[in-house]
Each structure stands twice: as C-alpha cells, then as structure tokens.
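J.: Please put together the full structure from these sequences, using the hints given.
Residue numbers (my numbering), protein chains in the order written: chain S, 1 to 142; chain R, 143 to 323.
I should point out that these hints are in silico values taken from the structure, not numbers from a laboratory.
Wrong hints could be hidden among the right ones.
Quick list of in silico lysine to any residue cross-link-like pairs, SDA-like style, CA-CA up to 25 Å [as the list claims (entries may be wrong)]: (1) S:LYS12 / S:LEU56; (2) R:LYS223 / R:GLN165; (3) R:LYS223 / R:ALA163; (4) S:LYS12 / R:ALA235; (5) S:LYS12 / S:ILE53; (6) S:LYS12 / R:LYS223; (7) S:LYS12 / S:ALA80; (8) S:LYS12 / R:GLY212; (9) S:LYS12 / R:LEU211; (10) R:LYS223 / R:LEU152; (11) R:LYS223 / R:LEU268; (12) R:LYS223 / R:ALA175; (13) S:LYS12 / R:LEU209; (14) S:LYS12 / S:SER64; (15) R:LYS223 / R:VAL241; (16) R:LYS223 / R:TYR244; (17) S:LYS12 / S:TYR54; (18) R:LYS223 / R:ARG166; (19) R:LYS223 / R:THR240; (20) S:LYS12 / R:THR207; (21) S:LYS12 / R:ALA203.
Every beta carbon over 10 Å from chain R, so not counted as near; a handful from chain S, in silico [said to hold, decoys possible]: (22) ASP4; (23) VAL9; (24) ILE15; (25) ALA45; (26) VAL48; (27) ALA80.
We put the CB at the ideal spot given by N, CA and C, even for glycine.
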Amino acid sequence: MRSDLVLRVIAKLLIPFLLMFALYVQFHGDYGPGGGFQAGVIAAAAIVFYALIYGLAAARRLLSDRLAEALLAAGVALYAAVGLAGLALGGNYLDYFVLGGDPVSGQHRGIFWVEAGVGLTVAGAMLKLFYLFAARGREVER
Amino acid sequence: MEALIVNVLLAAMVLAIVGIAGQRNLFAAVVLASAYSFLMATVLVALDAVDVAMTEAAVGAGVSTVLLLGALHLVGGAEAKPLHRPWLPLALAAGVGTVLVYGTLGLPAFSDPEAPIHTHVVPRYLEEGPRETGVPNVVTAVLASYRGYDTLGETIVVFTAGAGVVALLRRRRREEKEPRR
Numbered sequence: 001m002r003s004d005l006v007l008r009v010i011a012k013l014l015i016p017f018l019l020m021f022a023l024y025v026q027f028h029g030d031y032g033p034g035g036g037f038q039a040g041v042i043a044a045a046a047i048v049f050y051a052l053i054y055g056l057a058a059a060r061r062l063l064s065d066r067l068a069e070a071l072l073a074a075g076v077a078l079y080a081a082v083g084l085a086g087l088a089l090g091g092n093y094l095d096y097f098v099l100g101g102d103p104v105s106g107q108h109r110g111i112f113w114v115e116a117g118v119g120l121t122v123a124g125a126m127l128k129l130f131y132l133f134a135a136r137g138r139e140v141e142r
Numbered sequence: 143m144e145a146l147i148v149n150v151l152l153a154a155m156v157l158a159i160v161g162i163a164g165q166r167n168l169f170a171a172v173v174l175a176s177a178y179s180f181l182m183a184t185v186l187v188a189l190d191a192v193d194v195a196m197t198e199a200a201v202g203a204g205v206s207t208v209l210l211l212g213a214l215h216l217v218g219g220a221e222a223k224p225l226h227r228p229w230l231p232l233a234l235a236a237g238v239g240t241v242l243v244y245g246t247l248g249l250p251a252f253s254d255p256e257a258p259i260h261t262h263v264v265p266r267y268l269e270e271g272p273r274e275t276g277v278p279n280v281v282t283a284v285l286a287s288y289r290g291y292d293t294l295g296e297t298i299v300v301f302t303a304g305a306g307v308v309a310l311l312r313r314r315r316r317e318e319k320e321p322r323r
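T.: Here it is in structure tokens:
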C-alpha cells in the first residue's frame, strides 16, 4: 500500500481535517454533541489512518509508543488533579464551583479539564492497542 | 415515519447478526459487525442520542473494526470447525434471550413521560443544568459535572484496560525476542 499514490495523497489531505474535527468535538462538546471519549477516538483514528497508509514505523516516529503510554496515564492524572484542585480551593473532591471566580465559570473550567483528561486517556489507549496489535503482526511475518 | 426508519434499521441489524452467525469467513464477519455498529449508530441518531451515536460510530464501526482486522491478520481469516454441536449453547442463548424479552415486558412503554427514569433526577438536570453549569449540552453537563465521579471511574476503567493489554502483549513480545539474542 506504500506505493499507492492516490491513497497517500488523499490521506495527507484528510488527516488535518480529521485532527481538526477531533479538536472541535473535544472543545465544542459543551455546546454540541461530543466530548472527550469521542474526540479521543477520532484523534487516535487519524493516527491509525496515517499508520495504515504510510506504515507503522512512520506513525511511531510521529507519535511514539512511549508518548501513547504517557497519554494513557496523563489523562487519568489530569482528571484526578482537577478533583484535587477542588479540594485545595476549599471545596469537595471534583467540586467545580470553587475553580473559577463565579460558580458558572468554575463549572466551565472543571468540565473543560476533565474532558481533556478523558480525551487524552482514550486517545492513548486506542493508539497503544493499535500499535501493540500491528507490531505483533510484523513479528509474525518475519 | 421515525418509528418506521428505526424498525427498518433494527431489522437490518438482525440480518447482520444472522449473517455473522452463519459466516465461516472471519473477514466477512468483521465487516458485518462493522455494518452492525454503523446501523446501531444510525438508530441512536434517530432516537436523538447523538453523543452515544458518535461514540458507537467512532469506536464500534471505526477503531474496533481496525483492531479486529489487525487480530485477523495474526490468526488467519477462516473459522476452525467447531469441536462440538451448537445445540446446547444455542438453547442456552435462546433461553436467556426469552427471559430478557420477558423482562422488558415489565418496563414502562418507550418514551413514556411518566417512566420513573424521567421523573426522578432528570427534570432537575434539564431545568437547573444550563443555569448551574452554563453548559447547553445536558449530556456533557451530566457526564462531566453531575456524574463526575462516574466518569472518573470510567476513565480509570479505560486506563486499566489499556494498561492490562500493554502488560499482556508486551511480556509476550519480550519472550519471543529472547531466543534470538
């Protein structure tokens, strides 16, 4: 598939839009359908698409295994940290009302960071799963 | 009209399932499973559950299909002949299915406004949610704010599942490499 010019060009055209759509779904989730889960999967799918057309090695150079693992853990850590921030500012665990100047802006801030955490973890998990399966395939071929 | 569309989609899903069950070619089964997920996503759109539909389309029809095809690449595309007759599992599945269908008979009618689920906390979320959180999408408000603990738990589940797969597949890989050195 690596020599297929049409696929390579179309992929290169599509992937920026896929990534942009992931960001839109992530950060527009407050107003329209979407949120961290969906955005994480779409972002991971964009990288998987890149790997399918340009090869696993190219995708791993772009976004390494270590980074995927780090994203997997960082998302949960970010989510838990939002909870701790609520505690530190005098509220309960995962209390967003104390995070901003007024309750509504606090809620906005809390939801924003929590969704970001969900997105990072889901994207890391999906990508790492794909890398593991695809890499095993390579070893069997050899 | 909407009921007709949903029923046609559900009938197509039943056909997809029958096709998967009768299929010996695993590649065809994976493609049919992907089509099933896509039909499910369309049903969810028709039911106005766009957030869930998006997840189903992205995870069920998208990434799962790629992962299943990756797994097929490892195990080959033809299903092995089963060692036993399918009658006992079939009877068990049919029995459990019948009991489940019988259970749904006790549920309130579809989209009944008097159903318990619509009269408990839902009115409060719908009426107070936009004012309390300033977030127009109620699904996001409930998921990230009112049910923040549940979503934290779900994120930990995703993390744990990912970490588990990493631990399993990675150890295997090291064992395979060792004899070569």
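J.: Could you run down the list of hints and mark each one as holding or not?
T.: Checked hints:
Of the pairs offered as hints, the one joining LYS12 of chain S and LEU56 of chain S holds, with about 15 Å between alpha carbons and a cut-off of 25 Å not exceeded. The straight-line distance between the Cα atoms of LYS223 of chain R and GLN165 of chain R is roughly 12 Å, inside the 25 Å bound, and the hint therefore holds. Taking the CA atoms of LYS223 of chain R and ALA163 of chain R, the gap is about 14 Å. The hint holds against a cut of 25 Å. Distance check on the hinted pair: LYS12 of chain S and ALA235 of chain R sit about 46 Å apart at the alpha-carbon level, beyond 25 Å; violated.
Note on LYS12 of chain S and ILE53 of chain S: the hinted pairing holds, with a Cα-Cα distance of about 9 Å set against a maximum of 25 Å. Proposed proximity of LYS12 of chain S and LYS223 of chain R is contradicted: the alpha carbons are some 43 Å apart, above 25 Å. Taking the CA atoms of LYS12 of chain S and ALA80 of chain S, the gap is about 36 Å. The hint is violated against a cut of 25 Å. Annotation: proposed proximity of LYS12 of chain S to GLY212 of chain R holds, straight-line Cα distance about 22 Å (limit 25 Å).
With a CA separation close to 23 Å, the supplied pair LYS12 of chain S and LEU211 of chain R stays within the 25 Å bound. Distance hint between LYS223 of chain R and LEU152 of chain R is unfulfilled; the C-alpha atoms sit about 30 Å from each other, more than 25 Å. Simply put, LYS223 of chain R and LEU268 of chain R have alpha-carbon atoms about 53 Å apart, too far for the 25 Å limit, and the pair is violated. The straight-line distance between the Cα atoms of LYS223 of chain R and ALA175 of chain R is roughly 21 Å, inside the 25 Å bound, and the hint therefore holds.
Distance hint between LYS12 of chain S and LEU209 of chain R is fulfilled; the C-alpha atoms sit about 22 Å from each other, no more than 25 Å. For the suggested pair LYS12 of chain S and SER64 of chain S, the alpha carbons sit about 19 Å apart, so the restraint of at most 25 Å is met. Pair hint LYS223 of chain R plus VAL241 of chain R does not hold up; C-alpha atoms about 30 Å apart against a cutoff of 25 Å. Annotation: proposed proximity of LYS223 of chain R to TYR244 of chain R is violated, straight-line Cα distance about 34 Å (limit 25 Å).
With a CA separation close to 10 Å, the supplied pair LYS12 of chain S and TYR54 of chain S stays within the 25 Å bound. Of the supplied pair hints, the one linking LYS223 of chain R and ARG166 of chain R holds, its CA atoms being roughly 9 Å apart against a limit of 25 Å. Distance hint between LYS223 of chain R and THR240 of chain R is unfulfilled; the C-alpha atoms sit about 28 Å from each other, more than 25 Å. At most 25 Å may separate the alpha-carbon atoms for a hinted pair to count; LYS12 of chain S and THR207 of chain R meet this at roughly 22 Å.
Restraint check: the Cα-Cα separation between LYS12 of chain S and ALA203 of chain R comes to about 22 Å, which is no more than 25 Å; the hinted pair holds. Listed as outside the interface, ASP4 of chain S is consistent with that label: its C-beta sits roughly 18 Å from the nearest C-beta of chain R, beyond the 10 Å cut-off. Every CB of chain R is more than 10 Å from the CB of VAL9 of chain S (nearest about 21 Å), matching its label as outside the interface. Distance check for ILE15 of chain S against chain R: the nearest CB is about 14 Å away, which clears 10 Å, and the non-interface claim stands.
Separation of ALA45 of chain S from chain R is inadequate, the least Cβ-Cβ distance of about 5 Å not exceeding the 10 Å criterion. Once the 10 Å rule is applied to beta carbons, VAL48 of chain S is inconsistent with being away from chain R; the minimum gap is 6 Å. The non-interface label for ALA80 of chain S is inconsistent with chain R: the shortest C-beta to C-beta separation is roughly 7 Å, within 10 Å.
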